[in-house]
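J.: Letter by letter, the chains look like this.
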Amino acid sequence: MSLPLVPRAIRSRAIPTVTTSSATQCARAFSTTPANAGRNSDRSKLRGISALHRTNPKAPLLAMSKIPLPQPVLDKAKHTPIITAPDHGLWDFFPTKSSLRTPEEDASHGRAWHVSELRNKSFEDLHKLWYICVKERNVIATQAHERDRLKPGYGDFEAQTRDKTVKKTMSGIRNVLIERHHAWTEARRLAKSDPEVDLSGQGRAYRPAAPSFAAEPVEQIAAKEVATEEASPAVEKKAKETVIPPPTPKTESTVSPLS
Amino acid sequence: MKFGAQKIYLPKFTIAMLRTEGLAPNYAHFQVPLNITKLDMKDYLYHLYNTEVVSIRSYVLGVPRSPKHIRGPVELNKRFKKRMIVELKSPFVYPEEIKDKTPWDSELYDAAYENEKAKYKLDFSRGRELDEGRRSKIIDAAKEVLVQKGLKKTVAKAPMK
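Chains V and U, in that order, give the protein sequences.
The numbering of the first sequence is UniProt numbering, which starts it at 1 and goes up by one.
The numbering of the second sequence is UniProt numbering, which starts it at 1 and goes up by one.
Misleading hints may appear alongside valid ones.
Unchecked claim - Calculated pairs, DSBU-like style, for lysine-lysine (alpha carbon to alpha carbon, straight line, at most 35 Å):
1) U:LYS99 with V:LYS135
2) U:LYS7 with V:LYS168
3) U:LYS101 with V:LYS97
4) V:LYS97 with U:LYS38
5) V:LYS128 with U:LYS12
6) V:LYS135 with U:LYS81
7) U:LYS12 with V:LYS167
8) V:LYS167 with U:LYS117
9) V:LYS164 with U:LYS68
10) U:LYS81 with V:LYS151
11) U:LYS99 with V:LYS97
12) V:LYS164 with U:LYS7
13) U:LYS89 with V:LYS76
14) V:LYS167 with U:LYS38
I should point out that these hints are in silico values taken from the structure, not numbers from a laboratory.
Put together the whole structure using the sequences plus the hints.
T.: Written out as structure tokens, the structure is:
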């Protein structure tokens with residue numbers, strides 16, 4: 001029997017020769033793996049450590065069972081009752097403190113504000129009214145959703161009528177303020193080219209050339225006014241608090257008296 | 001609290017507070033206009049309702065469109081809904097659901113609704129529901145007339161299956 005044609009170097013190292021004769025020779029483990037396997041030549045300390053597979057022979061074992069976890073209270077009777085604060089802001093969505101207003105309650109409203117009535121009101125009053133209208137529309141919208149969900153019966157028509165009334169008031173407020181803005185813009189534009197108007201901010205703005213109502217010339221009237229202001233400091237202070245002087249031409253802003 | 005520098009004196013947007021099951025009391029759910037942002041919402045709730053907000057989450061829902069032949073011009077406004085879930089500093093429990101529906105005439109409403117449904121079915125059924133064998137009776141009567149006139153044979157046809 002002839003040996004297979006294997007190179008001499010491999011034959012002597014790896015493959016045990018058939019020709020071993022001694023029976024006392026120890027039975028070596030047969031393995032083709034090199035002897036230095038397992039000892040990394042790259043000296044990598046992070047080798048074998050995986051967070052995903054949780055392999056880290058150097059990390060200490062975490063005994064999670066020793067840490068007592070908080071247990072949820074599933075019994076609803078044992079839950080602490082949550083009481084809404086009586087002055088919570090969101091109660092403004094529910095003026096009757098119930099989730100729905102009855103059709104009678106919804107229908108109990110008057111007509112919308114007339115533009116002629118709103119023209120008499122100051123900006124502060126109109127501003128407050130606007131916010132009341134906005135919040136009322138929010139209430140109506142909330143109840144529309146609830147009625148849609150619950151379907152208790154009639155009530156849509158009353159709510160829609162109420163909404164229309166509120167919207168009419170809001171449009172009235174807006175129109176009044178627009179009117180005032182246009183009037184102010186026009187007045188300013190005309191005043192710039194008007195010789196009888198002084199927009200400098202010092203003293204009276206309207207200085208007519210020939211006043212028909214007064215015997216004294218306008219400058220004297222103005223001078224008297226200044227004198228009275230300087231005479232009494234308390235009165236002067238009060239006057240200063242209430243009177244807002246018109247802006248000077250340089251620092252003139254384009255913001256209307258609406259704001 | 002920090003707010004924007006621009007002052008808006010006449011805000012013109014409407015929000016609806018929605019009832020949501022499973023939402024904790026320190027959360028509130030609102031439906032808002034599509035162009036409103038979280039910052040606007042925080043501002044609005046503080047200045048109008050004096051409620052402070054911890055965090056806000058928003059999402060937009062698409063509303064399924066009705067079939068083309070029914071679709072009208074107003075539909076474009078209702079294509080999307082924006083909703084926001086707001087975390088409140090102080091909890092607010094949504095008022096309980098109404099149990100007694102008598103102020104809304106629920107009995108009358110439900111009866112009227114059922115009536116409308118039946119009427120609709122009647123109008124659009126093309127007489128199918130009201131058949132009661134009338135159509136088949138007419139067919140039989142017509143066949144008899146033809147048989148009498150000698151235009152139709154009396155041989156019965158096998159039923160079609």
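J.: Does each hint hold? Answer for all of them.
T.: Cross-check of the supplied hints:
1. Under the criterion of a C-alpha separation no larger than 35 Å, the hint pairing LYS99 (chain U) with LYS135 (chain V) is consistent with the structure, at around 26 Å.
2. Proposed proximity of LYS7 (chain U) and LYS168 (chain V) is supported: the alpha carbons are some 24 Å apart, at most 35 Å.
3. Distance check on the hinted pair: LYS101 (chain U) and LYS97 (chain V) sit about 17 Å apart at the alpha-carbon level, within 35 Å; holds.
4. A distance of roughly 27 Å separates the Cα atoms of LYS97 (chain V) and LYS38 (chain U); the hinted pair therefore holds under the 35 Å criterion.
5. Straight-line distance between C-alpha atoms of LYS128 (chain V) and LYS12 (chain U) comes to about 14 Å, which keeps the hinted pair within the 35 Å bound.
6. Of the pairs offered as hints, the one joining LYS135 (chain V) and LYS81 (chain U) holds, with about 20 Å between alpha carbons and a cut-off of 35 Å not exceeded.
7. Distance check on the hinted pair: LYS12 (chain U) and LYS167 (chain V) sit about 11 Å apart at the alpha-carbon level, within 35 Å; holds.
8. Our distance criterion of 35 Å between C-alpha atoms is met by LYS167 (chain V) and LYS117 (chain U), whose separation comes to about 34 Å.
9. Of the pairs offered as hints, the one joining LYS164 (chain V) and LYS68 (chain U) holds, with about 30 Å between alpha carbons and a cut-off of 35 Å not exceeded.
10. For the hint pairing LYS81 (chain U) with LYS151 (chain V), the CA-to-CA distance comes to about 21 Å; that is within 35 Å, so the pair holds.
11. Straight-line distance between C-alpha atoms of LYS99 (chain U) and LYS97 (chain V) comes to about 15 Å, which keeps the hinted pair within the 35 Å bound.
12. Between LYS164 (chain V) and LYS7 (chain U) the CA atoms are separated by roughly 27 Å; this keeps the pair inside 35 Å, and the hint holds.
13. Distance restraint check for LYS89 (chain U) and LYS76 (chain V): the Cα-Cα separation of roughly 23 Å lies within the 35 Å cut-off, and the hinted pair is therefore satisfied.
14. Between LYS167 (chain V) and LYS38 (chain U), the direct Cα distance comes to roughly 25 Å. Compliance with the 35 Å bound is thereby established for this hinted pair.
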